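Turn these sequences into a full structure, and let the hints guide you.
Protein chains in written order, with my numbering: chain A, 1 to 588; chain B, 1 to 588.
A few of these clues could be false.
Among the chain B residues that face chain A by a calculated CB cut under 10 Å, a handful are [as the list claims (entries may be wrong)]:
no., residue
1, V295
2, Q492
3, Y583
Just so you know, the hints here were simulated from the structure itself, not pulled from any lab data.
Bear in mind that the values here come from a model prediction, so they are computed numbers and not experimental data.
All C-beta atoms, glycine included, are put in the ideal place defined by N, C-alpha and C.
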Amino acid sequence: MKLILRYLRPYRLFILLVMVIKLLGTGTDLLMPYVLEHLLDHVIPGAADAWPVIAWSGVMFLLTLITRILNITANRMSVRVARDSAFAIRRDLFHTALNLSGRQMDQVGLPSLISRMTSDTYNVQGFIRMIQTMGIRAPIMLLGGIAITLTMDTGLALILCITAPVMIVLVCFVSWKGIPMYNEVQRRMDLLVQRMRESITGIRVVKALGKESYERRRYGEANAGMTRQEIKASVIMSLPGPIVTLFLNVGLTLVVLIGARRVNGGQTEPGVILAFLTYFNMILMGVMGLNRIFMMMSKANASANRIGEVIDLPEELTPLAEEETAKAPGDEALIFDHVSFNYDEDPSVEAHGQFLGEERQKCLDDISFRVRKGGSLGIIGATGSGKTSIINLMMRFYDPQQGHVFVDGRDVRAYHRDELHRKFGVVFQNDVIFADTIRENVVFGRDVSDEMMERAAEDAMASGFVESREERYDHRAAIRGANFSGGQKQRLLITRALAAQPEILVLDDASSALDYRTDAKLRKAIRENHGEATTVVIAQRISSVLSMDEIIVLQEGRMIGKGSHRELMESCAEYREIYRTQMSEGQE
Amino acid sequence: MARDTVMKKPKDTRGALRRLLRYLGPWKYVIAGIVVLSLFGNLLNLWGPSLAGDAIREAAAGPGKVNFDAVSRDAGLMLLCYVGSAVLGFGISLMMTVISKRVARRMRQDVFDKLMLLPVGFFDRHQAGDVISRVSYDIDVISTSLATDIVQILSSVVTVVGSLVMMIAISLPLSALTLVTVPVSVIYTVYMRKKTQPRYAKRSRCYGTMNGFVEEMLSGQKTILAYAYENRVDERFDSINKDSADAFRDAEHYGVTLGPTMTAINNLGLSLIALLGGILFLNGQMDLGRMSSFVLYSRKFAGPINAIAEVFNELFSALAASERVFSLLDEEEESADAPEARMLTKIRGDVSVEHVNFGYEDGKTILHDLNLEAPAGKLTAIVGPTGAGKTTIINLLMRFYDPNSGVIRIDGQEIRTAVRRSVRSAYAMVLQDTWVFHGTIFENIAYGKENATMEEVVAAAKAARIHPFIMRLPQGYDTVISEDGGNISKGQKQLLTIARAMLYDAPMLILDEATSNVDTATEREIQKAMRELMKQKTCFVIAHRLSTIENADQILVLRDGDVVEQGTHRQLMERKGFYHQMYAAQFE
Numbered sequence: 001m002k003l004i005l006r007y008l009r010p011y012r013l014f015i016l017l018v019m020v021i022k023l024l025g026t027g028t029d030l031l032m033p034y035v036l037e038h039l040l041d042h043v044i045p046g047a048a049d050a051w052p053v054i055a056w057s058g059v060m061f062l063l064t065l066i067t068r069i070l071n072i073t074a075n076r077m078s079v080r081v082a083r084d085s086a087f088a089i090r091r092d093l094f095h096t097a098l099n100l101s102g103r104q105m106d107q108v109g110l111p112s113l114i115s116r117m118t119s120d121t122y123n124v125q126g127f128i129r130m131i132q133t134m135g136i137r138a139p140i141m142l143l144g145g146i147a148i149t150l151t152m153d154t155g156l157a158l159i160l161c162i163t164a165p166v167m168i169v170l171v172c173f174v175s176w177k178g179i180p181m182y183n184e185v186q187r188r189m190d191l192l193v194q195r196m197r198e199s200i201t202g203i204r205v206v207k208a209l210g211k212e213s214y215e216r217r218r219y220g221e222a223n224a225g226m227t228r229q230e231i232k233a234s235v236i237m238s239l240p241g242p243i244v245t246l247f248l249n250v251g252l253t254l255v256v257l258i259g260a261r262r263v264n265g266g267q268t269e270p271g272v273i274l275a276f277l278t279y280f281n282m283i284l285m286g287v288m289g290l291n292r293i294f295m296m297m298s299k300a301n302a303s304a305n306r307i308g309e310v311i312d313l314p315e316e317l318t319p320l321a322e323e324e325t326a327k328a329p330g331d332e333a334l335i336f337d338h339v340s341f342n343y344d345e346d347p348s349v350e351a352h353g354q355f356l357g358e359e360r361q362k363c364l365d366d367i368s369f370r371v372r373k374g375g376s377l378g379i380i381g382a383t384g385s386g387k388t389s390i391i392n393l394m395m396r397f398y399d400p401q402q403g404h405v406f407v408d409g410r411d412v413r414a415y416h417r418d419e420l421h422r423k424f425g426v427v428f429q430n431d432v433i434f435a436d437t438i439r440e441n442v443v444f445g446r447d448v449s450d451e452m453m454e455r456a457a458e459d460a461m462a463s464g465f466v467e468s469r470e471e472r473y474d475h476r477a478a479i480r481g482a483n484f485s486g487g488q489k490q491r492l493l494i495t496r497a498l499a500a501q502p503e504i505l506v507l508d509d510a511s512s513a514l515d516y517r518t519d520a521k522l523r524k525a526i527r528e529n530h531g532e533a534t535t536v537v538i539a540q541r542i543s544s545v546l547s548m549d550e551i552i553v554l555q556e557g558r559m560i561g562k563g564s565h566r567e568l569m570e571s572c573a574e575y576r577e578i579y580r581t582q583m584s585e586g587q588e
Numbered sequence: 001m002a003r004d005t006v007m008k009k010p011k012d013t014r015g016a017l018r019r020l021l022r023y024l025g026p027w028k029y030v031i032a033g034i035v036v037l038s039l040f041g042n043l044l045n046l047w048g049p050s051l052a053g054d055a056i057r058e059a060a061a062g063p064g065k066v067n068f069d070a071v072s073r074d075a076g077l078m079l080l081c082y083v084g085s086a087v088l089g090f091g092i093s094l095m096m097t098v099i100s101k102r103v104a105r106r107m108r109q110d111v112f113d114k115l116m117l118l119p120v121g122f123f124d125r126h127q128a129g130d131v132i133s134r135v136s137y138d139i140d141v142i143s144t145s146l147a148t149d150i151v152q153i154l155s156s157v158v159t160v161v162g163s164l165v166m167m168i169a170i171s172l173p174l175s176a177l178t179l180v181t182v183p184v185s186v187i188y189t190v191y192m193r194k195k196t197q198p199r200y201a202k203r204s205r206c207y208g209t210m211n212g213f214v215e216e217m218l219s220g221q222k223t224i225l226a227y228a229y230e231n232r233v234d235e236r237f238d239s240i241n242k243d244s245a246d247a248f249r250d251a252e253h254y255g256v257t258l259g260p261t262m263t264a265i266n267n268l269g270l271s272l273i274a275l276l277g278g279i280l281f282l283n284g285q286m287d288l289g290r291m292s293s294f295v296l297y298s299r300k301f302a303g304p305i306n307a308i309a310e311v312f313n314e315l316f317s318a319l320a321a322s323e324r325v326f327s328l329l330d331e332e333e334e335s336a337d338a339p340e341a342r343m344l345t346k347i348r349g350d351v352s353v354e355h356v357n358f359g360y361e362d363g364k365t366i367l368h369d370l371n372l373e374a375p376a377g378k379l380t381a382i383v384g385p386t387g388a389g390k391t392t393i394i395n396l397l398m399r400f401y402d403p404n405s406g407v408i409r410i411d412g413q414e415i416r417t418a419v420r421r422s423v424r425s426a427y428a429m430v431l432q433d434t435w436v437f438h439g440t441i442f443e444n445i446a447y448g449k450e451n452a453t454m455e456e457v458v459a460a461a462k463a464a465r466i467h468p469f470i471m472r473l474p475q476g477y478d479t480v481i482s483e484d485g486g487n488i489s490k491g492q493k494q495l496l497t498i499a500r501a502m503l504y505d506a507p508m509l510i511l512d513e514a515t516s517n518v519d520t521a522t523e524r525e526i527q528k529a530m531r532e533l534m535k536q537k538t539c540f541v542i543a544h545r546l547s548t549i550e551n552a553d554q555i556l557v558l559r560d561g562d563v564v565e566q567g568t569h570r571q572l573m574e575r576k577g578f579y580h581q582m583y584a585a586q587f588e
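Written out as structure tokens, the structure reads:
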């Protein structure tokens, strides 16, 4: 609710206006029956000719038109508020989601983020739209009805009021029970979205293994779970309506009974009880309206809370003030100074999509190295030895628990994020091609001219297949780049990394799908045309890192070898072994 | 992006309504019951106030003369009425809730089941997020509408007809006025449907596009941040967000006029009744009592029509949403197996590809007249530069696609005449793109084999050299992993998928760059295990590290969709052709 109020704040005067207009519209609407009554009871019986009748019908006609105009105006204005505030909520939510730290992203989970962005914001939007207009009529009828009955016969009205505690309890019950229930519905929706998304992204594997029916079952379970929860929530939510009505009606029966006694005692008129009936209907409709509002509110509230959870996440990995950062021990382009790192900062916290548990070995353990400007570093090591984590720290997607990382003689924590990232041209291991033109995928909103793009494509060995396509750089990539082969995708990604002439070029297993010939040409092009860039290459193939100035060998997060190829051949047994297996194999 | 996510435009509203009603088919008796019950409920609701009126009339006898027995009896009946109507009301909404949620569940399942039947190419053309939006948004809209609208409409019809009969009984000329108001209401509703439904459809589409965008961008979050592209993405989201917000406003802008307009038309009717009634009275053709009760009934008549107007709005948006759901359900499926299609059993593993031509798009042939013989138990390697069509061959072998011309046979039987399921299950497959789902490591490895035991899973993991890593995890094989979780490396995922394939016992094996992200030492060990696995099996291997395929029984060298060379490693090396060049490039 806090979130909704926060986003409605800019529109508070406008909303006030909407409510005033709606109030007037409700007023003229409620006036209609009285005019009609007046017409029937007083005008028609006393009319000498048709004119007064025509005149009063004219009044009704006019009231009808005014009511319509007022109500439509109020409704449309409320639509505007809903549109604008939902737009703002989604904008901010998307912005926050896009800028979450790696840790936060792991915690919330992608499927949940997606449904918070969409179905949760729709819930809130619908609520904002309805509350502005419905929120007027119902209370007016309720309060108006109560006020009128109180003035008519306080004693009898108080009987109705004894049902108030029941209503208050029910409303509290709805809010107390409803929010967590709808929260649970949305959580199950997350699971449903997750299962569906997984089956879509893994469709080839699913079909290859013939697991269609298994996936159907898995999804079916999530579907059934969600349906059960939805029914449960709806049932709880549909309880208060009939109960409140029943209690009010019991109150009314009491009014009739006690009223009859009072009439007998001469304390009240029968007409008063009759009028009570009419106004009682008004109260009842008001209560029903309020009940609907509360139902919607608990649903919207659950959604708003979920949105708030993300929007209010503190921005992590913000730049530190210069004096808080560590002083660089040198001015090399890249320095890792006794860095140790683990993905779970607080291992006791259960997090989505992460390993849980109390003890985990460190992902990186006491890593130190330096790369001079324009120098090159190769990283090699077994699967899971922490190679990619080095990139994650270098670009500050995570902060290390111990030690410091320096880029260009400054602690990475001192940089504004974009300032740091602009130095890099990077290809991640499982990098993405977006469903957009090749040009957009390469240029990526940067200041890259066509010439730069084409040169980069040339260097990345991509120009050949790009130019063979009809629209060349305007050719559209399919979703996840499905219309390119694995090797073509990698070459596009490398083109992206090279296009802006980065200061630091990072290739994380970026050429694994390239044949050796292309890979060799690529290395040559990088050496010749991007020699001034500091280069970090992670690879499985020793030939990809062999010519680097320095190579580090990782094993289970520890650095077990560091030096040039020649040095490592002498000093590092593991490196020798890798070399031997890869290079001598052919000659066996 | 929009181009890719918009499906063929749905138009057939009547068809959509019919299909929607078909979903209610299984519940038709329950719904009929609900209608009868709601009729009862309405009667009780009418009877209650009239009993109250009776009681008051008794009380009207005046002070000291009230017949308390009669009053008490009436009050008792009132209470009974109200309890009855509360119970009925609750019961009806309960049943409708259950029905609508069950229908939604059925639809969600149908959508998913359909997805499992679609060709893999569908998922290259449609954003996962857009497909998900049909489940998370469109079906939700439908279910919300079903829960209330059907009963509302059906039970209102009863009241409307009843009131109309009463009105005609009282005064035929006055009733004739409904000949004005009812057609006007109907015409206006039809007119609004024309206005709003396309707009609701547009809103559904926009939400789908937005969902698709959010899903795509958030899955590429790291890349976006690495290139400081986030502001551009924010901008693009702004425009998509704006489209969605505008689509919401456009639809609601018209939608919210329906309610007030219906009220206005009915009030207009009242003014006309007053006018005409007044004139009739003045002419002595109508007395005041009949006039009053006529007005009473015409207001009863108007009430449900107003309610229906609100309901119609929801119904229009539900129809628009259902068109999107049905258009997905109408997508062309993978061609069904021919009725005479045979199961492939006791597969020896002779695979032959004869004169196959194939292209993903018309006019763009990727494979030209491909011929290939893979004898049972032999290892066939497919090599060539990226984009030569290697993965395409796999797509054809697995029947993800069917060739444009030419045939593929397994043991002499054309695979198009075999049951598709049995063709796919003939192969175990490891792909370049790894895929794991949210679940435990055990579940992920056991995915291909139902009822796999822990021993089998451990053996597969050992063969894939991932067992030691798993054992180091605090929860071992029960550790939960997920696709977008940050804590498992690409190489480890690849090892998991290899273990999965090893456990999946199929007579043939396809390895498409299966170890590209795995370090070479591990790769060699895996190969040892693979060799064990591949013994007696027909194998297809795509690899860039040519050293890994040297002992293949035959090597197919592919270039631009043509087989340019074919033979064993030794033969090809001796030819000093393209293969020789590629091989030499590894050691440059």
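Structure-based check of each hint:
A least Cβ separation of about 7 Å between B:V295 and chain A falls short of the 10 Å threshold, and the interface hint therefore holds. The closest approach between the C-beta of B:Q492 and any C-beta of chain A is roughly 5 Å, which is under the 10 Å cut-off, so the hint is satisfied. Annotation: B:Y583 was flagged as interfacial toward chain A, and the flag holds, the nearest CB pair being 7 Å apart, inside 10 Å.
In summary, this structure violates none of the numbered hints.
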